[in-house]
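Asks: Each chain, written out:
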Amino acid sequence: MKLTLRIWRQTGPDEPGRMTTYDVTGISPDMSFLEMLDHLNEELILAGDEPVAFDHDCREGICGACGMVINGRAHGPERTTTCQLHMRHFTDGDTIDVEPWRAAAFPVVKDLVVDRSAFDRIIGSGGYITAPTGAAPEAHATAVPKPVADTAFEHAECIGCGACVAACPNGSAMLFTSAKVVHLNVLPQGAPERESRVLDMVGAMDAEGFGGCTNTGECATACPKGIPLPSIAAMNREYLRALSKGR
Amino acid sequence: MAVTGVAMLLFLVGHMLGNLKIFFGAPEFNAYAAWLRTIGEPVLHYGWFLWLMRLGLVAAVVLHGVAAYQLSRRDRAARPAKYAHRRQRASYATRTMRWGGVILALFIVWHILDLTTLTVNPRGQAHHPYENIVADFRNWYADVFYIVAMLALGLHIRHGFWSAAQTLGANNARRDRALKALANALALVLTCGFIAVPVAVMTGVVS
Chain A
60 MKLTLRIWRQ TGPDEPGRMT TYDVTGISPD MSFLEMLDHL NEELILAGDE PVAFDHDCRE
120 GICGACGMVI NGRAHGPERT TTCQLHMRHF TDGDTIDVEP WRAAAFPVVK DLVVDRSAFD
180 RIIGSGGYIT APTGAAPEAH ATAVPKPVAD TAFEHAECIG CGACVAACPN GSAMLFTSAK
240 VVHLNVLPQG APERESRVLD MVGAMDAEGF GGCTNTGECA TACPKGIPLP SIAAMNREYL
300 RALSKGR
Chain B
39 MAVTGVAMLL FLVGHMLGNL KIFFGAPEFN AYAAWLRTIG EPVLHYGWFL WLMRLGLVAA
99 VVLHGVAAYQ LSRRDRAARP AKYAHRRQRA SYATRTMRWG GVILALFIVW HILDLTTLTV
159 NPRGQAHHPY ENIVADFRNW YADVFYIVAM LALGLHIRHG FWSAAQTLGA NNARRDRALK
219 ALANALALVL TCGFIAVPVA VMTGVVS
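In the order they appear, the protein sequences are chains A and B. Residue numbering for the first sequence is 60 to 306, as defined by this note's numbering. Residue numbering for the second sequence is 39 to 245, as defined by this note's numbering.
If we strip away everything but chain B, and leave its shape as in the complex, we get:
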């Protein structure tokens, strides 16, 4: 859970920063998207870096999901009888890790169909990501789904980052507060950074 989670988190930081290039206009954003395919040349063939990245990410998502499933199965088996006196346990972010993860998995499927394969994109013109994004976020349902998923992502990272530090043994009594603060900061920056794009399209800043 921790290793795949940290790998995906690193990708998300890069992805979010790349997304923000949309504020520099269509030519620059589209050129950035085209450049992603040329990374590693001439050692790598055109587009290979992107495919290697996709392969790694799919592996991370699948392993993360399988580990979550196995852990949940084990945890449920360890507490067969529930308490009669029910009360809320742990923080909201902690309690929503499982269902939040499911929301994120569904989002990833839609996100790829929408902006990678362009299957469900209203414009769907290859090599014109800027125009596709703008066409996409002019639909209210795309905005709602995207923003809900990004809020779920923020909550997931808030607990997940610190939890990964615990699992990997990186936490100790002195670092505990700093790691929790860093988790909150990462969650906030990533959520705001991602949400900035649909908000900019909705408000007409990006068009």
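Chain A with its partners taken away, still in its complex shape:
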């Protein structure tokens, strides 16, 4: 395959960036999007140019490290992570726009790499449970009904890739925060911090400069893990409940 790539190049956090055009040849349809970028970078290195910087880790779609906006869509045209997106979903001769996540709370570090530590600070503010440390507890000590376990697991699937923020026209982190809040708030293990968790995590989210939610639904459409949009309603419910309890 032969492709024209327009990639956002930016040398540092405070440097101006711009879209730069590259022609790449010899792309196999079986390559992942990241392998295609590796291929481009090898050519750039051979030519003595600076390779394109991008985040990646497991390349199995489970770590949440990779992520870029491809043709205006977070993680590209398929509902998966960028590492699991394959070049067979593009056609020979395509022009592909590749940009970093865009949000005030996710400043660009270099090229396609953004600083997502705002997510870490949101998790740090309430994404934990109080449990005695030491030996692992007996597995049946705390009974969890199956539907509750299913809901918790559905939300625990969030890998914190940031696609929701990138896709949201308002740069809002509501879907991410709701996944983290609902995951622990439905479980008995999360019950002791149920109220403080939602208040603190929403507070941390607001403090990071994410936008407000206008329920456009773009986040849930982009989410590679299928976190559902009603999760945001569930978090709002938890928030109102916590406020009414006065904690």
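Fair warning: there could be bad hints in the mix.
[Unchecked claim] Quick list of in silico lysine-lysine cross-link-like pairs, DSSO-like style, CA-CA up to 30 Å:
no., chain 1, residue 1, chain 2, residue 2
1, B, 59, B, 218
2, A, 61, A, 205
3, B, 120, A, 169
4, A, 61, A, 169
5, A, 205, B, 218
6, A, 61, B, 218
Calculated directly from the structure, the hints in this document are not laboratory data. All values derive from a computational prediction rather than experimental measurement.
Using the hints, position chain B against chain A.
Replies: Structure of chain B alone, referenced to chain A:
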């Protein structure tokens, strides 16, 4: 946004149903309009209910607008750099919430000047709402503005009702489809109900 929106929506349902009384003729419609001033008597003085209602509605409109302004400011600040690859996001109703809201705000100003204070009404006879409405909708520009505003209202409610359910935590995976259907139904019924009046005047059903 959600609380003030739902309050205004409840008012609109009553307002639309009241408007439809125009199809029963001038005496009944004018008597209905006069009755609105006597609600709450003898506890409330004549006309007090209407004024309390107006006070509540103005507060709802202003708070709704202020909240929309604050939310928009915050949302724009959260996405300072735009994407080079532009594409349409979300549904038409969702994308037009802000400008649709502006159209509705302008409409409300005209609507009050037209049929409450009668400042810009072509007939402008107090306590004769039926005759004022008929005189009004014989002008094509009043019909166009009214119908455009009601279409904007339908779109606003289509996204707004479901969005309010999300904000207030009333939505969940099971109710999601039903709430969206209800939002569509409310938008359709209110738009058609309101538009029925100028259409009836234009076609001569009401005269």
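Asks: Are the hints correct? Go through all of them and say.
Replies: Now the hints, each set against the structure:
1. B:59 / B:218: 29 Å, holds
2. A:61 / A:205: 50 Å, violated
3. B:120 / A:169: Satisfied, since the Cα-Cα distance of roughly 17 Å is no more than 30 Å.
4. A:61 / A:169: It holds: about 26 Å lies between the C-alpha atoms, which stays within 30 Å.
5. A:205 / B:218: The given pair, whose Cα atoms are some 28 Å apart, holds under the 30 Å limit.
6. A:61 / B:218: Roughly 44 Å between the alpha carbons, so the hint for residue 61 of chain A and residue 218 of chain B is violated.
In the structure shown, a violation is registered for the earlier hints numbered 2 and 6, in ascending order.
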